[in-house]
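Each chain is listed here by its residues.
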Amino acid sequence: KAGVTQTPRYLIKTRGQQVTLSCSPISGHRSVSWYQQTPGQGLQFLFEYFSETQRNKGNFPGRFSGRQFSNSRSEMNVSTLELGDSALYLCASSLGADRGIYGYTFGSGTRLTVV
Amino acid sequence: KQEVTQIPAALSVPEGENLVLNCSFTDSAIYNLQWFRHDPGKGLTSLLLIQSSQREQTSGRLNASLDKSSGRSTLYIAASQPGDSATYLCAVRRHGGATNKLIFGTGTLLAVQP
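Chains as they are written, first to last, in this note's numbering: chain P, 54 to 168; chain R, 4 to 117.
Since the hints were made in silico from the structure, they are not lab data.
In this text, all values refer to a predicted model and were calculated from it rather than measured experimentally.
Do not take every clue at face value.
[Claimed, not checked] Sample of chain P residues at the chain R side, in silico, Cβ under 7 Å:
| id | residue |
| --- | --- |
| 1 | T91 |
| 2 | G95 |
| 3 | F98 |
| 4 | N112 |
| 5 | F113 |
| 6 | L143 |
| 7 | G156 |
| 8 | G160 |
| 9 | G162 |
| 10 | L165 |
[Claimed, not checked] With a straight-line cut-off of 30 Å between C-alpha atoms, the simulated DSS-like cross-links for lysine-lysine are:
| id | chain 1 | residue 1 | chain 2 | residue 2 |
| --- | --- | --- | --- | --- |
| 11 | R | K45 | P | K110 |
| 12 | P | K110 | R | K4 |
| 13 | P | K66 | R | K45 |
| 14 | R | K4 | R | K71 |
| 15 | P | K110 | P | K66 |
| 16 | R | K71 | P | K110 |
Note that beta-carbon positions come from the ideal geometry of N, C-alpha and C, so glycine has one too.
Kindly generate the complete structure, drawing on both the sequences and the hints.
Okay, structure coming up:
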């Protein structure tokens, strides 16, 4: 059973550019969440998608956006990159969004460096 | 607002020692609590998931307990090995409102010396 796949693993971008990260959840999982990990802030919730709909959004500026496709794959986009966006971006998939009884499985992450 | 704290922030033990990692949370209205390990260059690996109605979960040398009323969870690692060296994170899935997100603790960096 394949795990959560995130691509690319590493990215180097210049300030002002935009970037798109991809996440393929475990087969059958319909919920995909995104988290940002930085040394100073730890793991912070970005947003969560379920059945192509954004259900929850964390406290991040509008430059951070995402979407989910009908096959549950998700993309995250960051526009007008800033140095502070350098972080490890983790995607997590879960079987469903009902009653919160399911755990999460995380991918290996995308390491984004903004220069 | 839910806050999750882990103590200690860092721990170094000799191989073979039993150890306990602590996690506390301020709001007991949670669906479940999950323990993860994070290895450098890798994503998070789920270790144990405890539902709010459960008291503990065990997997191999790991045992996690949950006391929802007091807002505490512990992760017990028996007979520690150098391969256990990693950052351990606990995360709670809150109940009500924005249910579908994890709130992570600050992490415990564990080093097991051979």
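Verification of the hints:
{"no.": "1", "hint": "T91", "verdict": "violated (12 Å)"}
{"no.": "2", "hint": "G95", "verdict": "holds (6 Å)"}
{"no.": "3", "hint": "F98", "verdict": "holds (4 Å)"}
{"no.": "4", "hint": "N112", "verdict": "violated (11 Å)"}
{"no.": "5", "hint": "F113", "verdict": "violated (12 Å)"}
{"no.": "6", "hint": "L143", "verdict": "holds (6 Å)"}
{"no.": "7", "hint": "G156", "verdict": "holds (4 Å)"}
{"no.": "8", "hint": "G160", "verdict": "holds (5 Å)"}
{"no.": "9", "hint": "G162", "verdict": "holds (5 Å)"}
{"no.": "10", "hint": "L165", "verdict": "violated (14 Å)"}
{"no.": "11", "hint": "K45(R) - K110(P)", "verdict": "holds (25 Å)"}
{"no.": "12", "hint": "K110(P) - K4(R)", "verdict": "holds (16 Å)"}
{"no.": "13", "hint": "K66(P) - K45(R)", "verdict": "holds (21 Å)"}
{"no.": "14", "hint": "K4(R) - K71(R)", "verdict": "holds (16 Å)"}
{"no.": "15", "hint": "K110(P) - K66(P)", "verdict": "holds (24 Å)"}
{"no.": "16", "hint": "K71(R) - K110(P)", "verdict": "holds (26 Å)"}
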